[in-house]
Amino acid sequence: MLPNFTFFGWMVLLVEAALGAFLLIGLATRFWALIGIAQTVAITLSVLNAPHEWYWSYLLMLLVHVALFATAAGRYAGLDGVLRPGWQLSRSWAARLLVRVS
Amino acid sequence: MSSYLDLNYRKLDRAAIVLGAMSIMSAGFIFVHGTFQLVQIGAIGLVVGSVLGLLAIAAGLLAERALMLAAGAGFLLAAAAQLVMLSAGSSGFLGGNASTFSLWLALGAGLIALGMVPRPETAEETSAAD
Numbered sequence: 001m002l003p004n005f006t007f008f009g010w011m012v013l014l015v016e017a018a019l020g021a022f023l024l025i026g027l028a029t030r031f032w033a034l035i036g037i038a039q040t041v042a043i044t045l046s047v048l049n050a051p052h053e054w055y056w057s058y059l060l061m062l063l064v065h066v067a068l069f070a071t072a073a074g075r076y077a078g079l080d081g082v083l084r085p086g087w088q089l090s091r092s093w094a095a096r097l098l099v100r101v102s
Numbered sequence: 001m002s003s004y005l006d007l008n009y010r011k012l013d014r015a016a017i018v019l020g021a022m023s024i025m026s027a028g029f030i031f032v033h034g035t036f037q038l039v040q041i042g043a044i045g046l047v048v049g050s051v052l053g054l055l056a057i058a059a060g061l062l063a064e065r066a067l068m069l070a071a072g073a074g075f076l077l078a079a080a081a082q083l084v085m086l087s088a089g090s091s092g093f094l095g096g097n098a099s100t101f102s103l104w105l106a107l108g109a110g111l112i113a114l115g116m117v118p119r120p121e122t123a124e125e126t127s128a129a130d
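Chains as they are written, first to last, in the numbering used here: chain A, 1 to 102; chain B, 1 to 130.
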């Protein structure tokens with residue numbers, strides 16, 4: 001990873017920006033909650049042994065993403081809720097995929 | 001295409017209005033500084049957010065898909081421009097930061113998703129859908 005630090009840095013920026021963006025509007029919420037869980041685990045493992053680190057903040061972040069995934073929050077307070085009925089009626093592969101990740 | 005006739009299209013329009021209002025309200029962060037400045041907005045960013053927000057609201061009120069797509073494309077363009085400026089090492093003329101990029105990405109993706117939902121062409125189909 002270190003030899004390609006710039007590439008991974010850009011990927012982290014884009015993933016974290018998209019994570020916040022899609023969870024903000026509740027679009028494909030379950031998919032982005034899973035990405036959030038993966039991202040949280042990666043951050044937690046990288047800073048867990050750092051001195052004076054307050055690890056509860058990472059557990060809290062993990063719990064929030066788990067809650068968003070478990071409750072499929074976008075269906076109740078997000079765009080998933082208004083778009084999902086259309087996706088469920090469509091026969092396209094993209095719509096079927098969005099039904100699964102919302 | 002008849003499968004889409006069961007949709008309540010007004011919900012999609014209301015969602016576009018909410019996204020537009022969200023943009024205009026977030027532009028108010030230009031007046032906030034310090035800890036609670038969740039998004040950094042510059043003078044031109046204020047204009048961009050307000051104009052595109054108003055366009056999204058108009059799209060929702062008029063139930064016009066093309067306007068939703070135009071507003072969404074505008075937000076994605078602004079987000080991309082902000083990202084390019086950040087990569088150059090400054091906020092650029094839009095005056096935003098990575099949170100601004102994320103916010104405009106959200107509004108762009110949301111409006112594009114709403115605008116891409118096919119709708120009935122005729123008045124009879126529209127009334128059947130409602």
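Any given hint might turn out to be false.
Some chain B residues well away from chain A (every beta-carbon gap over 12 Å; in silico) [to be verified]:
hint	residue
1	24
2	37
3	42
4	46
5	50
6	54
7	58
8	62
9	67
10	73
11	92
12	93
13	110
14	111
15	112
Ranges of calculated distance between the beta carbons of each label pair, as one might list FRET restraints [stated by the list, open to error]:
hint	chain 1	residue 1	chain 2	residue 2	range
16	A	42	B	116	41 to 49 Å
17	B	17	A	76	13 to 21 Å
18	A	52	B	8	49 to 57 Å
19	B	118	A	49	47 to 55 Å
20	B	66	A	93	21 to 29 Å
21	A	42	B	34	40 to 48 Å
22	A	67	B	38	16 to 24 Å
Hints were generated in silico from the structure; no laboratory data involved.
Each residue gets a CB set at the ideal place from its N, CA and C atoms; glycine is no exception.
Okay, the hints, checked on the actual structure:
1. The non-interface label for residue 24 of chain B is consistent with chain A: the shortest C-beta to C-beta separation is roughly 16 Å, beyond 12 Å.
2. Interface exclusion of residue 37 of chain B from chain A stands, the closest Cβ pair being 16 Å apart, more than 12 Å.
3. Every beta carbon of chain A lies more than 12 Å from that of residue 42 of chain B, the smallest distance being close to 18 Å; the non-interface claim holds.
4. Here residue 46 of chain B stays apart from chain A, with its beta-carbon at least about 19 Å from theirs, past the 12 Å limit.
5. Separation of residue 50 of chain B from chain A is adequate, the least Cβ-Cβ distance of about 19 Å exceeding the 12 Å criterion.
6. For residue 54 of chain B, the condition that its CB be more than 12 Å from all CB atoms of chain A holds, with the nearest at approximately 18 Å.
7. Residue placement check: residue 58 of chain B keeps its beta carbon more than 12 Å from all beta carbons of chain A (closest about 19 Å).
8. Residue-level check passed: residue 62 of chain B sits 18 Å from the nearest beta carbon of chain A, beyond 12 Å.
9. With a least CB separation of 17 Å from chain A, residue 67 of chain B remains clear of the 12 Å interface cut-off, as annotated.
10. Chain A leaves residue 73 of chain B outside its interface by the beta-carbon criterion, the shortest separation being 16 Å against a cut-off of 12 Å.
11. The claim that residue 92 of chain B lies off the interface holds: its Cβ sits roughly 16 Å from the closest Cβ of chain A, which is beyond the 12 Å cut-off.
12. Consistency note on residue 93 of chain B: stated as away from chain A, and its beta-carbon is indeed over 12 Å from all of that chain's, at 20 Å minimum.
13. Consistency note on residue 110 of chain B: stated as away from chain A, yet its beta-carbon is not over 12 Å from all of that chain's, at 4 Å minimum.
14. Residue 111 of chain B, annotated as away from the interface, has a beta carbon of chain A within 12 Å; the closest lies near 9 Å.
15. Remark: the non-interface label on residue 112 of chain B conflicts with the geometry, its nearest Cβ contact in chain A lying 10 Å away (cut-off 12 Å).
16. In this structure, residue 42 of chain A and residue 116 of chain B break the distance hint of 41 to 49 Å, their C-beta atoms being roughly 32 Å apart.
17. The hint said 13 to 21 Å for the Cβ distance between residue 17 of chain B and residue 76 of chain A, and at roughly 19 Å that hint holds.
18. Residue 52 of chain A and residue 8 of chain B have their C-beta atoms about 52 Å apart, which keeps the hinted 49 to 57 Å range intact.
19. A C-beta distance of roughly 53 Å is found between residue 118 of chain B and residue 49 of chain A, which places it inside the suggested range of 47 to 55 Å.
20. Residue 66 of chain B and residue 93 of chain A have their C-beta atoms about 26 Å apart, which keeps the hinted 21 to 29 Å range intact.
21. The beta-carbon spacing between residue 42 of chain A and residue 34 of chain B, approximately 30 Å, falls outside the hinted interval of 40 to 48 Å.
22. For residue 67 of chain A and residue 38 of chain B, the hinted distance range of 16 to 24 Å is satisfied, since their beta carbons lie about 21 Å from each other.
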